Amino acid sequence: MKRVQTISMLAMTLLVALQAPAADGVTPGSDLPAPVQPWPDDVVDLWKTLPIQDGGRLKPFDTFAAFKMLKLHGKRTMRVVQDGATIKLSPVEWLLDCLFRPDTAMTHPTFAVDNYSVIVAIGLPPHKEKRSRYSYAELEPGIGRLFELAKQYSEINAPQRNGLQTMTVNLAANVSDFEYLLHYFDFARLPLRLSAAELSPNVDGPLMTTDALQLLPALRQLYLEEQSHDPDATGPVVESLAQIMHYADTSRALALLPPPDSDILEWRAPGQLIRQAFQGPLPAGELELLQAVADLPKTAGTPARFKEQLQKFHGLVTERAEARGEYGKIRLEVAFYKGNYFYYSLCLYVLGFLCIALSWLGSADSRSSRVLTGAAIVLTALPLTLHVTGIVLRCIVRSRPPVSTLYETILFTSAIAVFAALLMEYMNRQRIALALASVLGVAGMFLANKYEVKEAVDTMPSLVAVLDTNFWLATHVTTITIGYAAGLLAAAIAHVYVLAKLFRLKQAQPEFFQSLTRMVYGVLCFGLLFSFSGTVLGGIWANDSWGRFWGWDPKENGALMLVRWSLIILHARLGGYIRDYGLHTFAVFGGMIVAFSWWGVNLLGVGLHSYGFTSGAFRALVIFWCIEGGIILLGFVAWLRSQSVQVEDG
Amino acid sequence: MPEPERQSKAFVRIFAFLASYGVAAVILTFLLLLTFLGTLEQVDHGLFAVQERYFNSLFLVHSFFGVLPVPLPGAYLLLVLLFINLVCGAIIRASKSWRRPGMLIAHSGILLLLLGSFVTYRYSINGNMRLYEGEASSEFESYTGWVLEIVSANAPAGAEALIIPESDFAAMEPDETRTFHSGHLPFELEISGYAKNTRVDPVSGSHSMIAVDGFYLVTMPRAPAEEQNIAGAYVAVVENESGKRHEGIIWAMETHPYTVEIDGVDWAFLLRRPRWTVPFTIVLDKFTMETHPGTSLPKVFLSDVTKLEGKSQEQIKIEMNEPLRYKGYTFFQASWGPSDARPGDRLFSVFAVVRNPADKWPLYACIVITGGLLVHFCQKLLLYLRREHRRRPAS
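Residue numbers (this note's numbering), protein chains in the order written: chain A, 1 to 650; chain B, 651 to 1045.
None of these hints come from the bench; they were simulated from the model.
Note that the structure is predicted; figures quoted are calculated from it, not measured.
Glycine included, every Cβ here is placed at the ideal spot set by N, Cα and C.
Treat the hints with care, as some may be off.
[Claimed, not checked] Below, computed lysine to aspartate or glutamate pairings styled on EDC-like, alpha-carbon distance capped at 20 Å:
1. B/K949 x A/E266
2. B/K961 x A/E266
3. B/K957 x B/E783
4. B/K894 x B/E911
5. A/K555 x B/D694
6. B/K949 x A/D458
7. A/K128 x A/D114
8. B/K949 x A/D114
9. B/K961 x A/D114
10. A/K555 x B/E691
11. B/K977 x B/D1009
[Said to hold, decoys possible] To be clear about the criterion: a stretch of chain B counts as covered by chain A if any three or more of its residues have a C-beta under 8 Å from a C-beta of chain A, and this derived list gives those stretches:
12. 669-675
13. 698-705
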């Protein structure tokens, strides 16, 4: 045993001395790009439901592939042009190419580059378009320079990096991620320097890493013999050992192998098992699993055999995962992503808005208008159902309340806002709340999609210890988010009031404006109830986890600002200091406070809630605040005009 | 107009003003502004300084855009005014009709919340207790502030330890010296050059600073996080009988305190955090930190402790969101270490310890306020629905 460890240590030392760039492992077959071949649907489906441990949780291979592709490629579909025809690759197909057809994957336009200045900086000819996608093969000549620059820029604190530096660091990280995928199966694809016959007379052909692991005593014997002749020799045995250690290092991107012992929570990649084999003989079950995964690339060229081998591996993994109680939600998660609920609800919300907009063209009592309004109700209620179904499925998959991440606040806030608007429409039938419902639905789904693409990380991540409490997530987080939704809905209704007054619409219908005022007032009251109780519940949670009810943390302050603003509006109105115009412009300002509390405070980078933030959001926020400031100004102009009209009339 | 009547009218006017919606709206607007400014200021000045300046103060001067100084009322003053406004407007003046009780209930809840904040601010203490596995303690120490402790292991009874609170020397001018004496001590202590954030440097070359044994105290700018400030001062111990003078530096991060021997008794002088004692003992049996598998993301922080009190002992688990509450003290799982510990290393756990008489008041207030708002808004909603119902057939 001690000898084996000695071999391992020596091999590692050698590895450092002989270390070659990871890319050396792949041996492209020819200079011509390998053709893209479609993966059979049943094979893709099997891969989709294969569990993998990533980010601290078990997820389907499908989810892993989708977010990996999103991070590197910026989209969930890849278009590959071959012989003038465009082939669309799904994330799983792309990832299978990376794992089993590295030559082909190297020519896929994997890397989204936002600005070609990065390409120029690493000494490569850029594409014509400023924003384009590059293949690994295209970037390969500049990769050395890329890593060199990235190392240099990594020493600068992330917030202080300029755009080019950030893009360089990100691109280098993506290229490195990709290389780990390409080389994942090197241990099973590339033979060792030693031949099998040299280790065991009963075996012939090339010696693979998994074979060597089973023949470690013989390998040790050979090593000792080689060393006895020349202790400094770097002959085939030592070289083979260095190869094995190298493969152990390159084969760790995907934790596909469940441990046999249920007390061990961490799943392993083949690389970890290879290293473990040097600590002591691998149990038979582990060897079987390692061999099953190693046999996959050997059969990748023959679809039928590949499928058969995949079924075997899938069976072994799922059986063990089920025994560990970890497979339960995998198929549901695959079904959730396949359902594409949020995309379809976005499309339907858009249609709903079109219907309501068309209905405004006719009089409210006309038949066509009534039909269109009916269609709009269906086309808002239906996407809301999909929207809520998506949220519920996410809750079931993660066994968590609806909101635990910033991404989920978008989904939940928009669902509540749409629901509340539909409820208002049911109460007053003015077709205003209905229109706002679809607008808010579109805005929510659009924002959720943008956020997901921009962040490109799993939207159902593991939570840090303090957040891992379903009671507080269900109470504080949901109530505060409902408060946000109400603030935004009130602001949205107030926009209608301000713009209608400004453009002198519905002048003959004072009840239209009265109705808007009542709606804003009602929503503000409803919002105050939730934002207040949400804020206090947050304090009570903080009192249980950090020992203080109130710590003036930016996120706490943001919520408090919303509460205070709602109280100001209600008291100013009760005191007669503001009337209808004031109420509506104040409500628009309330929307700005919601944006500050929801997103803005995360920009500050201080406090206990600095989680999940996207760097591009600041610009979007400033634009939002400017537009809303403009609306308030317009409201003021409309009010001044109405005052002068009153004076003239007087 | 007779004097009493005039006084009564003036009183009514003042009361009406204090109870008005306008005052409520103005106070809330200032509070909103302070909350906003206090949030932004945290980026540059840290939480503690901002809290002191904006939220625990009566008045302050805020510099808008760094150039326009504007005096503002502090949140402490505003909350007192809000309390008065609430009592006058929402309790005394408000309608007490049992048919519309919502607002009265909600505002009573807000009063309770404000009272709770006041009690917490004035009477709560909080600090931390750090224990290695196997260690026991009944003391916890403050996160901020300092006391000067004079202690001796071999002093006559009654003079073993003396504590000088920071308030007695913190407000000294840089060139000011204060002298402390006690009937129990055979010396007087002079403190000078006290600063909140300091460093001790060796003297090199010529400089105008006071030096002690080749070292001097460098005053540093205040760190944004108060916990990072390290206080220091010059001290001089003057023997009562002989008048002999011993000069030294006391620095909060010093591993060995400054000591002086007087008539065979050793006296140590140290700056340390204020400490409090709890009426029981906590023993840390085991600390467990689990990460989500394959990541460094913390999943569980768990301290298995034993609470000892007299002859009784109880095994308790303290973890995130599951504090130990006992005899008015609450122990929260706050931190752990060493951060570079390897498997098998002895770990320590840090508990945030709080004694707050108003610990549960926010919860009660929340229930009362939410209940009141629910009652009020539901009544309003019903009214609205009735009005819409009446309006619809007509239209």
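Status of each hint after checking the structure:
1. B/K949 x A/E266: holds (13 Å)
2. B/K961 x A/E266: violated (43 Å)
3. B/K957 x B/E783: holds (14 Å)
4. B/K894 x B/E911: Given that 20 Å is the threshold and the Cα spacing comes to 11 Å, the pair holds.
5. A/K555 x B/D694: holds (17 Å)
6. B/K949 x A/D458: Holds, at about 17 Å.
7. A/K128 x A/D114: holds (13 Å)
8. B/K949 x A/D114: violated (36 Å)
9. B/K961 x A/D114: Violated, at about 69 Å.
10. A/K555 x B/E691: holds (14 Å)
11. B/K977 x B/D1009: At roughly 12 Å apart (the allowed maximum being 20 Å), B/D1009 and B/K977 satisfy the hint.
12. 669-675: holds (count 5)
13. 698-705: Held - the stretch 698-705 of chain B has 3 residues with a Cβ nearer than 8 Å to chain A, which meets the minimum of three.
Hints 2, 8, 9 from the earlier list are contradicted by this structure; the remaining hints agree with it.
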